[in-house]
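K.L.:
Each chain, written out:
There are 2 protein chains.
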Amino acid sequence: MELNSLLNHTSEWLKGTGPNADIVISSRIRLARNLDKFAFPQRANNKQGEEVLNAIEEKIKKLDYLKGVTIFRLLGMDSVDKQFLVERHLMSLEHAQKSDSKAVAIEEEEVASVMINEEDHIRMQVVQSGFNLFEAWNIANKIDDSLSKELGIAFSPEWGYLTACPTNTGTGMRGSVMLHLPALVMTRQIDRVLAAIAKLSFTTRGLYGEGTQASGNFFQVSNQVSLGHAEEEVIENINGLIRQIIEQENQAREVLLSRNKPVLEDRINRSMGILRSARIISSQETIELLSMVRLGNDMGIIKDIDRRRINELFILTQPAHLQKMDKKKLSSVERDIKRAELIRNKLNLV
Amino acid sequence: MELNSLLNHTSEWLKGTGPNADIVISSRIRLARNLDKFAFPQRANNKQGEEVLNAIEEKIKKLDYLKGVTIFRLLGMDSVDKQFLVERHLMSLEHAQKSDSKAVAIEEEEVASVMINEEDHIRMQVVQSGFNLFEAWNIANKIDDSLSKELGIAFSPEWGYLTACPTNTGTGMRGSVMLHLPALVMTRQIDRVLAAIAKLSFTTRGLYGEGTQASGNFFQVSNQVSLGHAEEEVIENINGLIRQIIEQENQAREVLLSRNKPVLEDRINRSMGILRSARIISSQETIELLSMVRLGNDMGIIKDIDRRRINELFILTQPAHLQKMDKKKLSSVERDIKRAELIRNKLNLV
Numbered sequence: 003m004e005l006n007s008l009l010n011h012t013s014e015w016l017k018g019t020g021p022n023a024d025i026v027i028s029s030r031i032r033l034a035r036n037l038d039k040f041a042f043p044q045r046a047n048n049k050q051g052e053e054v055l056n057a058i059e060e061k062i063k064k065l066d067y068l069k070g071v072t073i074f075r076l077l078g079m080d081s082v083d084k085q086f087l088v089e090r091h092l093m094s095l096e097h098a099q100k101s102d103s104k105a106v107a108i109e110e111e112e113v114a115s116v117m118i119n120e121e122d123h124i125r126m127q128v129v130q131s132g133f134n135l136f137e138a139w140n141i142a143n144k145i146d147d148s149l150s151k152e153l154g155i156a157f158s159p160e161w162g163y164l165t166a167c168p169t170n171t172g173t174g175m176r177g178s179v180m181l182h183l184p185a186l187v188m189t190r191q192i193d194r195v196l197a198a199i200a201k202l203s204f205t206t207r208g209l210y211g212e213g214t215q216a217s218g219n220f221f222q223v224s225n226q227v228s229l230g231h232a233e234e235e236v237i238e239n240i241n242g243l244i245r246q247i248i249e250q251e252n253q254a255r256e257v258l259l260s261r262n263k264p265v266l267e268d269r270i271n272r273s274m275g276i277l278r279s280a281r282i283i284s285s286q287e288t289i290e291l292l293s294m295v296r297l298g299n300d301m302g303i304i305k306d307i308d309r310r311r312i313n314e315l316f317i318l319t320q321p322a323h324l325q326k327m328d329k330k331k332l333s334s335v336e337r338d339i340k341r342a343e344l345i346r347n348k349l350n351l352v
Numbered sequence: 003m004e005l006n007s008l009l010n011h012t013s014e015w016l017k018g019t020g021p022n023a024d025i026v027i028s029s030r031i032r033l034a035r036n037l038d039k040f041a042f043p044q045r046a047n048n049k050q051g052e053e054v055l056n057a058i059e060e061k062i063k064k065l066d067y068l069k070g071v072t073i074f075r076l077l078g079m080d081s082v083d084k085q086f087l088v089e090r091h092l093m094s095l096e097h098a099q100k101s102d103s104k105a106v107a108i109e110e111e112e113v114a115s116v117m118i119n120e121e122d123h124i125r126m127q128v129v130q131s132g133f134n135l136f137e138a139w140n141i142a143n144k145i146d147d148s149l150s151k152e153l154g155i156a157f158s159p160e161w162g163y164l165t166a167c168p169t170n171t172g173t174g175m176r177g178s179v180m181l182h183l184p185a186l187v188m189t190r191q192i193d194r195v196l197a198a199i200a201k202l203s204f205t206t207r208g209l210y211g212e213g214t215q216a217s218g219n220f221f222q223v224s225n226q227v228s229l230g231h232a233e234e235e236v237i238e239n240i241n242g243l244i245r246q247i248i249e250q251e252n253q254a255r256e257v258l259l260s261r262n263k264p265v266l267e268d269r270i271n272r273s274m275g276i277l278r279s280a281r282i283i284s285s286q287e288t289i290e291l292l293s294m295v296r297l298g299n300d301m302g303i304i305k306d307i308d309r310r311r312i313n314e315l316f317i318l319t320q321p322a323h324l325q326k327m328d329k330k331k332l333s334s335v336e337r338d339i340k341r342a343e344l345i346r347n348k349l350n351l352v
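As given, the protein sequences belong to chains A and B, one line each in that order.
Convert by adding 2 to the 1-based position in the first sequence; the result is the number in the numbering used here.
Convert by adding 2 to the 1-based position in the second sequence; the result is the number in the numbering used here.
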């Protein structure tokens, strides 16, 4: 698979189906693993890094559970290509910063991917559409099992999986759920909800993980502690919290409808109207307007569009995607024009 | 003609044709006349006021030049009906304040109308689409001639036509041109232009005449002095000024196109997008967005709509028009919803 061929489709998890897909965009399981005979990436020299990369690469190619997997080495990769992979949530911003001995392995439908030599030797992720952490865990667990069989993994009977950062030690697992909470934001309840999440030792992040701001009413909630609990227990804990947030978002949507339906309908339809007609539009405005359109679609206020098309636009309108589609570097102004054109094409087609 | 039947059409001058109709909405000639045997309206008692009203009414009905004229007395007229006539520019806000002995005579296509017992006994106006003051003057002059033959008009060989306010004495004529100057506003040249107009002894007003603010980039320019010049001379003076303003607005439009066409196209298309999708919209926002759409249409940026439809919407979306169409009183919120609905129907039809 060529990197460019990713442009021909969007990730499977954007399909907009699965449990509670009106509020939960996606569920993600990430596992951190390290080889037992090598220093952690930040401590390893170039030679050691290459050895780790070669060893993992070799095994990944043979795995049954990674259908049509391709491994992309970051060394020599164009910066737009790197950003493109970040925008697709296939690798972290941090991973894209340096290139030496780093790679990312991508399964053809982008359900599973593996970052090699990020903070840990192996950072595997499995993403599912909707509220479905257990299914993501099942897939990740199988990949992990067969990979562990082939590679000597750093594991302590007392501490569990050993990781570069102690917060990941134990299961090495992080479960994350990407939530769309426009009604909690509009009814000004979101700060209370986020404070409650923080108190319960969960973290909230923006669309692109650690260090990114929440925007367009999207919030990624994940477990903070990985030590001292079995994976299923951790997932059940997250699920319990997410179920409560979903209930509160649903209640807030009801409140919006019953208190002032015309105002809600106005805001949603104007958002669609602007997206369908703008000639210049920023990434930030796009996310905010698409958030309203998604809400309108979920609540039956906008009917002539499907959820997948909206989900896809969040990714396709990102800077590197626009430049890959246009096959050249674009200035910020040129991107704003191309973005508006793409959105019009996608939304006026229907 | 019933007052309600005015709802079945819009005024002839909204057709959006005539010289320079891309910048000049309409040209209006107003003549102030008084009967020589009666006190001015503000000095007259009820009985005198009624005598004046009856005398003028009787003559107007017989005039050849007022096709299908109907006279509406203001006494007992519903406040929404009065506002409706003001919104159509058929009578002044001032005329609508009091009702006794007041009336307005309306020619069936709304080209000519006569307010009776406003500030003067007779305030006649003739409106033409586009930049066409001389044609308006020709029509007004014929109506005035035949009316003067029938009624004794207050005229002094030294001062000319005598009027309640000395500023109108002389010809009793005011020529007004309604201009749409969005490019001069957007390029921040409008203050300089308005200052120049004021220095030349012309006045600038908003959409609804004396005391109203300019909004949506509309400016009504008219002569301040009525004394000491023949009518044709006054009109030629206004025309000279208007020709200069038209040239400056055209230059400003060229500047907008050449400097930043995408920004202009974005603003115009977004305005249309919002108008086509909003569910709640105020009168002020409507005027501002329609102004952009009119500019877009005039500059060939928006092609699927004709100028008459845009011109009409400025009038049809006014509060009394919405209530007349809906056949009941509407609260401000209800009007904002009805207005959005009407605009969607008119703009999505095309």
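Any given hint could be a false lead.
Heads up, the list lumps identical chains together, so a pair's fine if it works in one copy or across two of them.
Result set (DMTMM-like, lysine to aspartate or glutamate): computed pairs, CA atoms no more than 25 Å apart in a straight line [unchecked claim]:
1. 348 x 306
2. 263 x 328
3. 263 x 343
4. 340 x 306
5. 348 x 152
6. 330 x 268
7. 348 x 268
8. 331 x 268
9. 100 x 268
10. 263 x 336
11. 144 x 80
12. 305 x 343
13. 329 x 38
14. 263 x 287
15. 69 x 24
16. 17 x 121
Calculated from the structure, these hints are not laboratory results.
K.L.:
First find the shortest C-alpha distance between residue 348 and residue 268 inside one copy, then the shortest across copies, and answer within, between, both or neither for a cut-off of 25 Å.
P.N.:
both (22 Å within a copy, 18 Å between copies)
K.L.:
One pair to classify: residue 263 and residue 343, alpha carbons no more than 25 Å apart. Within, between, both, or neither?
P.N.:
Cα proximity of residue 263 and residue 343: across copies only (15 Å, versus 31 Å in one copy).
K.L.:
Indicate which option fits the pair residue 331, residue 268 if close means a Cα-Cα distance not exceeding 25 Å: within, between, both or neither.
P.N.:
between (37 Å within a copy, 22 Å between copies)
K.L.:
Which holds for residue 329 with residue 38 at a C-alpha limit of 25 Å: within a copy, between copies, both or neither?
P.N.:
neither (42 Å within a copy, 82 Å between copies)
K.L.:
Since the copies are identical, ignore which copy is meant and state whether residue 100 and residue 268 lie within 25 Å (CA to CA) inside a copy, between copies, both or neither.
P.N.:
neither (46 Å within a copy, 39 Å between copies)
K.L.:
Classify it for me, residue 348 with residue 152: is the Cα-Cα distance of at most 25 Å met within a copy, between copies, both or neither?
P.N.:
neither (45 Å within a copy, 69 Å between copies)
K.L.:
Under a CA distance limit of 25 Å, which applies to residue 330 and residue 268: within one copy, between copies, both, or neither?
P.N.:
between (38 Å within a copy, 23 Å between copies)
K.L.:
Which holds for residue 144 with residue 80 at a C-alpha limit of 25 Å: within a copy, between copies, both or neither?
P.N.:
neither (33 Å within a copy, 79 Å between copies)
K.L.:
As a check of your reading, is residue 263 near residue 336 (CA-CA no more than 25 Å) within one copy, between copies, both or neither?
P.N.:
between (37 Å within a copy, 13 Å between copies)
K.L.:
When no copy is specified for residue 17 and residue 121, does a C-alpha distance of 25 Å or less occur within a copy, between copies, both, or neither?
P.N.:
Answer is neither; intra-copy 30 Å and inter-copy 70 Å both fail.
K.L.:
Are the CA atoms of residue 69 and residue 24 at most 25 Å apart within a copy, between copies, both, or neither?
P.N.:
Answer is neither; intra-copy 28 Å and inter-copy 62 Å both fail.
K.L.:
Could you figure out if residue 348 and residue 306 sit no more than 25 Å apart (CA to CA) within one copy, between two copies, both or neither?
P.N.:
Both, since 12 Å and 21 Å are each at most 25 Å.
The earlier numbered hints that this structure contradicts are 5, 9, 11, 13, 15, 16.
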